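Colleague: Residues per chain, in single letters:
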Amino acid sequence: MNWFFIMKREVASYFTSLTAYVVLGIFLVISGYFFYTNLTMFVMMVGSDIKLGLWQYTFHDMRRFMLLLLPLLTMRLFSEEKKLGTIELLYTHPVKDLAIIMGKYLACLLVLAVMLCLTFLYPVLLNIVFSIEMGPLITGYLGLFLLGGAFIACGLFVSSLTENQIVAAMVTVGVLVLFWSIDWNEGIAGTQAMIILHQMSLFEHFYNFPRGVIALADIVYYLTLTLFFLFLTLCSLESRQWRGKR
Amino acid sequence: MNAIEVDNLSKFYGPARGIEDVSFSVKQGEIMGFLGPNGSGKTTTMRILTCFFPPTGGTARICGTDILKDSFSVRQKIGYLPENVPLYGDMPVFAYLNFFAEIKGVPAKQKREKVNDVVQRCELQTVSHRLIRKLSKGFRQRVGIAQALLNDPEVLILDEPTVGLDPKQIIDIRSLIKGLGGKQTVILSTHILPEVSMTCDRVIIMHEGRLIAVDTPENLTRKLQQAPRIMLKADGPEPEMLKTIGSLSGITRVVSKAPTPGKPGFYEIEAEERMDTINEIARAVYENGWKLREIRPQDMTLEEIFIKVVTEEEGVGNR
Chain U
1 MNWFFIMKRE VASYFTSLTA YVVLGIFLVI SGYFFYTNLT MFVMMVGSDI KLGLWQYTFH
61 DMRRFMLLLL PLLTMRLFSE EKKLGTIELL YTHPVKDLAI IMGKYLACLL VLAVMLCLTF
121 LYPVLLNIVF SIEMGPLITG YLGLFLLGGA FIACGLFVSS LTENQIVAAM VTVGVLVLFW
181 SIDWNEGIAG TQAMIILHQM SLFEHFYNFP RGVIALADIV YYLTLTLFFL FLTLCSLESR
241 QWRGKR
Chain L
1 MNAIEVDNLS KFYGPARGIE DVSFSVKQGE IMGFLGPNGS GKTTTMRILT CFFPPTGGTA
61 RICGTDILKD SFSVRQKIGY LPENVPLYGD MPVFAYLNFF AEIKGVPAKQ KREKVNDVVQ
121 RCELQTVSHR LIRKLSKGFR QRVGIAQALL NDPEVLILDE PTVGLDPKQI IDIRSLIKGL
181 GGKQTVILST HILPEVSMTC DRVIIMHEGR LIAVDTPENL TRKLQQAPRI MLKADGPEPE
241 MLKTIGSLSG ITRVVSKAPT PGKPGFYEIE AEERMDTINE IARAVYENGW KLREIRPQDM
301 TLEEIFIKVV TEEEGVGNR
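Just so you know, the protein sequences line up as chains U and L, in that order.
By the count of this note's numbering, the first sequence reaches residue 246 at its end, each step adding exactly one.
By the count of this note's numbering, the second sequence reaches residue 319 at its end, each step adding exactly one.
Chain U with its partners taken away, still in its complex shape (with noise of 0.2 Å):
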């Protein structure tokens, strides 16, 4: 229950300071330009397919600035404990790693899901005078939850590096930016190098979600993604056990 009682201090860490509301306030906007500039754009385009590409546009700009959000949000998460020293209480109480782990994870990614509901007004609001298809809808939210909580688990594993939140921050983004471009260099790798390149590029498996269809692959490479942040976070933390041992 360990991860619970952590979860529940960080949630109310976020919403007890400014920066849960910043981040979400910033997002609604944002987002909500995104939304009013693509719907502009379709409705004066006349003849292009509304249900489907709305989806797709508002999505795939979500995602980009949820890249240059969601490290705001992850950067305090281990930085902050080991700057402020709490971090000390926490490895010295009976607290099994893995439960800080998931208790900040799951917290962070609370603050993930909160942030998507209120976009959830856009869609709603179009509704009362354009009957949308909820399919696209759906499915491409799920695909914004997914990435973004490989977003939040790469962000806890660079924040549990270093105990300057800026510099976790910015790896976080580099990270990021990386795993989205990996696959754009198709002149230096070769065509097979290119295959495994593509299957690993961050944003590759996000096209299907927005169109409305969920495939097994792009669910398991989040997932994936996702466990091996988490993974190396738990390296991170348990490294602690090894460093300074002859």
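Quick caveat, the hints were computed from the structure, so don't treat them as lab data.
Because the structure is a prediction, the values reported are computed rather than measured.
Quick reminder that beta carbons are idealized off the backbone N, C-alpha and C, glycines included.
Some clues are possibly wrong.
Claimed, not checked - Distance condition first, Cα-Cα at most 30 Å in a straight line; then the derived DSSO-like pairs of lysine-lysine:
(1) Lys114(L) <-> Lys96(U)
(2) Lys137(L) <-> Lys82(U)
(3) Lys96(U) <-> Lys168(L)
(4) Lys137(L) <-> Lys8(U)
(5) Lys96(U) <-> Lys111(L)
(6) Lys104(L) <-> Lys83(U)
(7) Lys27(L) <-> Lys82(U)
(8) Lys77(L) <-> Lys233(L)
(9) Lys82(U) <-> Lys69(L)
(10) Lys83(U) <-> Lys134(L)
(11) Lys114(L) <-> Lys8(U)
(12) Lys77(L) <-> Lys82(U)
(13) Lys183(L) <-> Lys233(L)
(14) Lys96(U) <-> Lys109(L)
(15) Lys111(L) <-> Lys82(U)
(16) Lys27(L) <-> Lys96(U)
(17) Lys77(L) <-> Lys8(U)
(18) Lys104(L) <-> Lys8(U)
(19) Lys96(U) <-> Lys104(L)
(20) Lys111(L) <-> Lys8(U)
(21) Lys114(L) <-> Lys82(U)
(22) Lys134(L) <-> Lys8(U)
(23) Lys114(L) <-> Lys134(L)
(24) Lys8(U) <-> Lys109(L)
(25) Lys77(L) <-> Lys83(U)
(26) Lys77(L) <-> Lys96(U)
(27) Lys83(U) <-> Lys137(L)
(28) Lys96(U) <-> Lys257(L)
What the hints assert, rightly or not - Incomplete in silico selection of chain L near chain U, CB under 10 Å:
(29) Pro82
(30) Glu102
(31) Ile157
Stated by the list, open to error - Computed spacing ranges between beta-carbons, pair by pair:
(32) Pro107(L) <-> Tyr36(U): 47 to 55 Å
(33) Val220(U) <-> Leu68(L): 33 to 41 Å
(34) Val167(U) <-> Tyr13(L): 17 to 25 Å
Using the hints provided, position chain L relative to the given structure of chain U.
Modeller: Structure of chain L alone, referenced to chain U:
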């Protein structure tokens, strides 16, 4: 039975020595003081005992449980106040203590009672709903101690618990710690030497990562003070007084301490035997017509013991 047993504990940070070959034991219910200058290895020893990081070599047992084999059980048995008292400043005191009660595994039904208990013991009632970051240093220190006391740990490890407190708060915290003795085993580190003699049953003196003495403050005094000392305060001509007192039987040394013109002189006297010599000195002062202001036996202060032990250790190291 020993609550803490430490065997040949060593910790190296790369090539730098944190502690080396430290061994000691602390009996159940005993209050043990850690004394040493900055960088002597007090905090490193405490961090190893609380399983914050493992030692490079050696091991320790807390209430019979090995810190390396079962650190989770060890962590259930200890309460720890780290150096500089790290706290979650964004939480109110009550919520903070509730959180630590939860992760210490206090049953939900007892949680409120336990939290209220430490709030009362540490006198936090007036600030229990305030944000920690808005509290004064003294209150923050108490919140840290309250956290360590939650769940009545068998072993309490306090790293400089009174640093930064005002005199009244220091007295309160000392009496709180003193009150824990007998029931809980306490290890505390401090820079304030009288604090150790006032609070602790035994003292560990550390220097440059090595343990150089473990004993009661009284035994350390007895061992290190080669000759009984007497402090004399009297009015009279200084040369004559030095000569007369120095010629008394059993007196080995007389030194005039910090003479101030127009004020009674202070003399530090070393003798073979204390009580009879005090009578002899008093008689000599009276018979010579000098004015006796004060005469008393004087033990070495803990500061003197500390400096002597550390200096002797450095002397051995330099040889």
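Colleague: When the structure is checked against the list of hints, which entries are broken? Sort them ascending.
Modeller: 3, 7, 8, 13 and 28
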